[in-house]
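Q: Take a look at the letters that make up each chain.
Number of protein chains: 2
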Amino acid sequence: MDRVTIVEVGLRDGLQNEETILPVDVKREIAEDLMAAGVKELEITSFVHPRWIPPLADAAELACSLSPVEGVTTRALIPNRKGLERALATPVDEFAVFLSASETHNRKNVNKSVADTLPVLREVVEEATTRGKRVRGYVSTVFGCPYEGEVPLPRTASICGELLDMGVYEISLGDTIGVATPVQVREFLKALTKEIPAGCLAGHFHDTRGTALVNAYVALEMGVTTLDSAFGGLGGCPYAPGASGNVATEDLIYMLEGMGVETGVDLDALCRVSEKVGRRMGKTLPSKVLASWTATRRLKEGNPHE
Amino acid sequence: MDRVTIVEVGLRDGLQNEETILPVDVKREIAEDLMAAGVKELEITSFVHPRWIPPLADAAELACSLSPVEGVTTRALIPNRKGLERALATPVDEFAVFLSASETHNRKNVNKSVADTLPVLREVVEEATTRGKRVRGYVSTVFGCPYEGEVPLPRTASICGELLDMGVYEISLGDTIGVATPVQVREFLKALTKEIPAGCLAGHFHDTRGTALVNAYVALEMGVTTLDSAFGGLGGCPYAPGASGNVATEDLIYMLEGMGVETGVDLDALCRVSEKVGRRMGKTLPSKVLASWTATRRLKEGNPHE
Numbered sequence: 001m002d003r004v005t006i007v008e009v010g011l012r013d014g015l016q017n018e019e020t021i022l023p024v025d026v027k028r029e030i031a032e033d034l035m036a037a038g039v040k041e042l043e044i045t046s047f048v049h050p051r052w053i054p055p056l057a058d059a060a061e062l063a064c065s066l067s068p069v070e071g072v073t074t075r076a077l078i079p080n081r082k083g084l085e086r087a088l089a090t091p092v093d094e095f096a097v098f099l100s101a102s103e104t105h106n107r108k109n110v111n112k113s114v115a116d117t118l119p120v121l122r123e124v125v126e127e128a129t130t131r132g133k134r135v136r137g138y139v140s141t142v143f144g145c146p147y148e149g150e151v152p153l154p155r156t157a158s159i160c161g162e163l164l165d166m167g168v169y170e171i172s173l174g175d176t177i178g179v180a181t182p183v184q185v186r187e188f189l190k191a192l193t194k195e196i197p198a199g200c201l202a203g204h205f206h207d208t209r210g211t212a213l214v215n216a217y218v219a220l221e222m223g224v225t226t227l228d229s230a231f232g233g234l235g236g237c238p239y240a241p242g243a244s245g246n247v248a249t250e251d252l253i254y255m256l257e258g259m260g261v262e263t264g265v266d267l268d269a270l271c272r273v274s275e276k277v278g279r280r281m282g283k284t285l286p287s288k289v290l291a292s293w294t295a296t297r298r299l300k301e302g303n304p305h306e
Numbered sequence: 001m002d003r004v005t006i007v008e009v010g011l012r013d014g015l016q017n018e019e020t021i022l023p024v025d026v027k028r029e030i031a032e033d034l035m036a037a038g039v040k041e042l043e044i045t046s047f048v049h050p051r052w053i054p055p056l057a058d059a060a061e062l063a064c065s066l067s068p069v070e071g072v073t074t075r076a077l078i079p080n081r082k083g084l085e086r087a088l089a090t091p092v093d094e095f096a097v098f099l100s101a102s103e104t105h106n107r108k109n110v111n112k113s114v115a116d117t118l119p120v121l122r123e124v125v126e127e128a129t130t131r132g133k134r135v136r137g138y139v140s141t142v143f144g145c146p147y148e149g150e151v152p153l154p155r156t157a158s159i160c161g162e163l164l165d166m167g168v169y170e171i172s173l174g175d176t177i178g179v180a181t182p183v184q185v186r187e188f189l190k191a192l193t194k195e196i197p198a199g200c201l202a203g204h205f206h207d208t209r210g211t212a213l214v215n216a217y218v219a220l221e222m223g224v225t226t227l228d229s230a231f232g233g234l235g236g237c238p239y240a241p242g243a244s245g246n247v248a249t250e251d252l253i254y255m256l257e258g259m260g261v262e263t264g265v266d267l268d269a270l271c272r273v274s275e276k277v278g279r280r281m282g283k284t285l286p287s288k289v290l291a292s293w294t295a296t297r298r299l300k301e302g303n304p305h306e
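Chains as they are written, first to last, in the working numbering: chain A, 1 to 306; chain B, 1 to 306.
Hints may be right or wrong, so weigh each one.
Partner residues aside, some chain A positions facing chain B, computed with beta carbon under 10 Å [to be verified]: (1) VAL183; (2) GLN184; (3) ALA191; (4) THR208; (5) GLY210; (6) VAL214; (7) TYR217; (8) GLY233; (9) ALA240; (10) VAL247; (11) GLU257.
Hint data in this document are derived by calculation from the structure and do not stem from the laboratory.
Just so it is clear, CB atoms sit at the ideal spot from N, CA and C, and this is done for glycine as well.
Just chain A, with the same shape it has in the complex (with noise of 0.2 Å):
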């Protein structure tokens, strides 16, 4: 377990679920900082309608503002074939497509049945993979549904088979409302591998019941090292308004590297990225290790109360 890919979803994930709507100029910004701070895979925006997600409706102007980096890869979030032809039209590398494992989230978040999303889905795969890009899937719920409960392991396997069939790299297993917990990761990702690759899986943890690093480490120790994170925790959870959000890419990184893994991410310049973004949005990014990266530096500044 020496390599971790690191996927930093705080533009995207974390900034759909925040009430503040940041200008593109500033979210620019936060991509290159973050870029500058060594991080490699960089999930930007979506391009759904943008009536649905109002914090990113500038996804295209987004996509094209930014310089394309050496060794960083961006992508974005595509719900159907009218988003593909939208992200085309930009420099972002890669795609993702998304789903739920539940009927119910699925239906309430993207108003089809799962069955019926999945053609879409192939579609947009296809459609991107002829055009020369990589798609990443996500699904959404697999540790339990806000609605529904306990998801069937055999949901997800099935899920995740179609996908990968349709020509998706990569899956990342969302723990949509954050409601699981160790064990829970091990046994499901025991069973699930045993259909699916793990080094074709990733983990996507909310921490909205602080389990999101626990499951992020009981996930390496299962096989799968890719994980998403976002900087500062950002997002939070829209069943539970105020709770906190993605695991935090500094927690993750701080973990990570107390455990010997080379994750290539300044963490002092990560902190800084955050707590601009922190400032600017009027809020305290839950981060731990960026609760107590602030305060050391103000107790060295001789202002421990500020």
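Take the given structure of chain A and dock chain B to it, following the hints.
A: For chain B alone, coordinates are given in the frame of chain A:
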């Protein structure tokens, strides 16, 4: 791992690092509420000289104000013979002695070398044991010291040996400044339990860098089934004011119940305690389960952004 003992240290380790000084009747009410929520081990205060920790200056008064509850053990920290005498005049059930694995931290904390501290503790433990009281031991900074950095394991092992030899029944291993990471905890416990039985050990993790819960999980995996925590995640870090405190009892219990461990604690009742204390202290306590519980309740009441 179907039995885990949770030692609630919020009233002691939590409050000793908080600026707000709670009146004794509020503390008594908290203690009673915690017991009513199902907490079975409760560290209520410290009999250090009131000058050193003003928030705990009411130690004797608090200890005397509590009525014994069937099945609940109360405990107080004892620094020396004088503290022991004060504590023995109260009905507190058990005691705890403490020192640091790091020489510098111990000197800063108790103004004595480790070698000079051990005889003081031995006197306390022997006298307490003679008076029919069980004594727990705390070893601080075992995973890292704010002054010395890494602390060699043989140092901790030797201190643990001394404590057991005095008659201490359990040793709580403190990640005082919250620097530990899971592989470190695993390797540390693998080595330490060659000399000290896991059944005599407890884990005391601070969440300064977000790793407390994953460290607790690893400790459980290594056979350490007693864990310290504070309701709401109370307690900061004197070396980083504003950073997070002890692992939150709520988050620990949520994880344990997801692992099929029966804790006997009513999570809903516990969140009510923490919410009340947070309101009283005028701050949001850091527990993530608490945040999600609060958010869900506000949503139900129709005030999501209260």
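Q: Restraint: A/GLY233 near chain B, CB-CB cut 10 Å. Satisfied or not?
A: Interface hint status for A/GLY233: holds (8 Å vs cutoff 10 Å).
Q: Does A/GLY210 meet its interface restraint, that is, does its C-beta lie within less than 10 Å of any C-beta in chain B?
A: Result: holds, 3 Å to nearest chain B Cβ.
Q: Is the interface hint satisfied for A/TYR217? The criterion is a beta-carbon contact with chain B at less than 10 Å.
A: At about 5 Å, which falls below the 10 Å cut-off, the nearest Cβ of chain B leaves the hint on A/TYR217 intact, so it holds.
Q: Is the interface hint for A/VAL183 satisfied, with its Cβ closer than 10 Å to some Cβ of chain B?
A: 4 Å, holds
Q: When the nearest CB of chain B is found for A/VAL247, is that gap smaller than 10 Å?
A: 9 Å, holds
Q: Hint A/ALA191 vs chain B: min CB-CB distance below 10 Å?
A: 17 Å, violated
Q: When the nearest CB of chain B is found for A/THR208, is that gap smaller than 10 Å?
A: At 5 Å from the nearest chain B Cβ, A/THR208 passes the 10 Å test, so the hint holds.
Q: Is the shortest C-beta separation between A/VAL214 and chain B less than 10 Å?
A: 4 Å, holds
Q: Given a cut of 10 Å on the nearest C-beta pair, is the interface hint for A/ALA240 held or broken against chain B?
A: 4 Å, holds
Q: Close enough to count: is the Cβ of A/GLU257 nearer than 10 Å to one in chain B?
A: This interface hint holds because 8 Å falls under the 10 Å limit.
Q: Should the interface hint for A/GLN184 be scored as holding, given a Cβ-Cβ cut-off of 10 Å against chain B?
A: 6 Å, holds
Comparing the model with each earlier hint shows a violation of hint 3 alone; every other hint is respected.
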